[in-house]
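All chains should be built: construct the whole structure from the sequences, respecting the hints.
In this note's numbering, the protein residues as written are 96 to 617.
What follows is a set of in silico ranges between Cβ atoms, one per label pair, in the way DEER data are often shown:
#, residue 1, residue 2, range
1, Ala224, Pro291, 37 to 45 Å
2, Arg263, Lys432, 42 to 50 Å
3, Lys391, Leu502, 22 to 30 Å
4, Lys557, Pro385, 30 to 38 Å
5, Lys557, Met454, 38 to 46 Å
6, Arg263, Leu357, 41 to 49 Å
7, Ala442, Ala506, 25 to 33 Å
8, Asp353, Leu556, 43 to 51 Å
9, Asp412, Gln478, 14 to 22 Å
10, Lys361, Val481, 41 to 49 Å
11, Asp193, Pro385, 47 to 55 Å
12, Asp433, Pro330, 41 to 49 Å
13, Pro291, Pro241, 41 to 49 Å
If you're looking for bench data, these hints aren't it; they were derived computationally from the structure.
Note that this is a predicted model, so its numbers are computed, not measured.
The C-beta atom is built at its ideal place from N, Cα and C for all residues, glycine as well.
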Amino acid sequence: MIRRSWKLAAVAAAALLGPVSVQAQSTLKVAPETLSRVLDPHFTTSFTTRDLGYLIYDTLFAVDDKFEPKPQMVESYAISGDKLTYSFVLRPGLKWHDGQPVTAADCVASIQRWASRDSMGQTLTRFTASLEATDANTIKLVLKEPYGLVLDSLAKIGAPVPFMMPERIAKTPGSEQVKEIVGSGPYRFRADLHEPGVKIVLDKFADYKPRSEPPNWASGGKIAKMDRVEMLGMPDAQTQVSALIRGEVDYLERVPADLLPLFDAKSGAKAEVVSKFGFQAIMRMNHLQPPFDNLKVRQAIARAVDRSMYAAVVAGDPKFATDCAAMFGCGMPYESKDGIPSFDMAAAKAMLKEANVDMSKPLVMLHVANAPGIAALGNVTRQVLVDLGFKVDMVSMDFQTFATRRLNTGAVDKGGWNLAHTTNSVPDQGNPLSNPFLVASGPPASAWGWPTDPKTDELRLKFATAPGEATRKTIANEIQARAYEQVLYLPLAQFTTPSAWRNNLEGVLKSPVMLLYNIEKK
96 MIRRSWKLAA
106 VAAAALLGPV
116 SVQAQSTLKV
126 APETLSRVLD
136 PHFTTSFTTR
146 DLGYLIYDTL
156 FAVDDKFEPK
166 PQMVESYAIS
176 GDKLTYSFVL
186 RPGLKWHDGQ
196 PVTAADCVAS
206 IQRWASRDSM
216 GQTLTRFTAS
226 LEATDANTIK
236 LVLKEPYGLV
246 LDSLAKIGAP
256 VPFMMPERIA
266 KTPGSEQVKE
276 IVGSGPYRFR
286 ADLHEPGVKI
296 VLDKFADYKP
306 RSEPPNWASG
316 GKIAKMDRVE
326 MLGMPDAQTQ
336 VSALIRGEVD
346 YLERVPADLL
356 PLFDAKSGAK
366 AEVVSKFGFQ
376 AIMRMNHLQP
386 PFDNLKVRQA
396 IARAVDRSMY
406 AAVVAGDPKF
416 ATDCAAMFGC
426 GMPYESKDGI
436 PSFDMAAAKA
446 MLKEANVDMS
456 KPLVMLHVAN
466 APGIAALGNV
476 TRQVLVDLGF
486 KVDMVSMDFQ
496 TFATRRLNTG
506 AVDKGGWNLA
516 HTTNSVPDQG
526 NPLSNPFLVA
536 SGPPASAWGW
546 PTDPKTDELR
556 LKFATAPGEA
566 TRKTIANEIQ
576 ARAYEQVLYL
586 PLAQFTTPSA
596 WRNNLEGVLK
606 SPVMLLYNIE
616 KK
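So this is what it looks like as structure tokens:
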């Protein structure tokens with residue numbers, strides 16, 4: 096009797112819900128290099144958070160493969176003859192994932208929050224006289240003086256990306272993480288299915304209206320061809336590749352070169368480089384703590400760096416890397432050779448002796464063990480430091496722990512640190528305003544490492560107000576030379592890393608970031 100009642104209840108429930116679809120839900124299962132626990136795209140520079148953001152959120156403008164900003168959420172825009180007033184009209188029918196309409200007020204609050212966290216946004220703010228919503232669909236930006244990179248700022252492709260959020264969420268101070276993940280993009284976040292560090296689940300947003308233009312980098316139509324996207328945390332690259340070959344996942348963000356031979360004709364999967372510019376490997380010294388508060392010591396490290404050693408290991412295969420030392424990336428518009436120091440270990444040792452460095456205390460190096468490329472950089476640097484006479488304490492951790500620990504400005508014995516490594520996509524580094532490691536205003540404005548150099552900041556402002564591209568190029572060269580002189584950070588190599596996916600996937604986009612819309616299973 097009880098069993099019969101349960102069956103009747105189930106039938107009644109099914110009738111209320113309507114006919115059951117016989118078509119299985121299509122799901123794209125993705126294993127990023129690391130799975131971020133921070134989901135606020137304005138708060139962190141995490142690749143996973145940025146890539147997640149491109150599925151959940153949208154932007155007013157987006158850049159294409161010619162680095163040209165194109166309207167995205169914007170239907171039309173106008174610039175006054177004196178280049179001081181910008182007016183942006185939103186596309187009709189845009190909705191948030193909670194069903195509410197997207198308004199200009201939402202976008203104003205979002206721009207302001209993003210700008211509080213991003214180096215390019217901070218520069219835009221310095222030129223802003225006012226930013227307001229003049230009606231429900233129109234945003235008005237008035238500048239104090241002409242600034243030629245307004246659209247480039249709003250179309251910025253790298254983290255933190257100027258993603259739009261509902262006003263109630265965007266009012267969250269930039270120093271705090273948002274409590275809700277609500278966007279207007281092609282996929283919506285399933286908070287009820289979220290397992291931090293394990294799984295992030297997104298469902299197709301039925302009310303999203305993609306643009307009609309074909310997708311090109313982050314611009315154009317964002318079409319959700321899969322019903323669901325799942326980002327899965329997996330412990331290491333070998334596990335990820337094995338899962339892909341077994342068909343347990345569909346897409347891998349990065350594959351180390353030593354695992355590429357596994358993708359043979361029988362594997363059912365393939366590996367391919369989707370970003371021709373790739374990534375920049377980076378060494379960052381802590382300018383607040385000794386010994387790297389001493390310019391002479393930083394300059395000695397710069398002379399001791401043999402970039403060919405980093406290029407040999409960062410991608411797992413030297414053919415995927417070059418010892419590029421251009422701060423704005425090789426192959427990029429502002430590529431330069433100005434100021435690059437030559438490798439000279441003898442000169443480096445002489446400089447350390449002149450600086451009278453105390454080498455009795457070990458240097459604390461933050462070592463990201465679960466990201467193979469970053470880990471390889473630390474292994475090379477450790478030997479460099481030992482060869483110079485330093486003692487080194489390599490503190491191993493996962494990337495999520497690193498993302499928190501590197502923000503500690505305190506002394507080493509208070510949880511601080513001396514030196515660390517990371518990687519960043521080359522387009523993120525591509526100009527003096529978007530490159531976060533060139534902000535030299537000290538804490539809290541500067542990125543972790545916290546350099547202070549008023550001359551660099553002055554040159555960055557000069558770049559922002561330059562009248563044309565030729566002048567900007569000249570100033571960018573000056574900035575690189577100054578940054579190397581002060582050793583704000585050290586580019587160690589430029590490299591590409593293949594992504595991998597099952598053979599039945601179509602529509603994988605070529606882009607500097609991992610864009611997972613437009614993909615379908617054949």
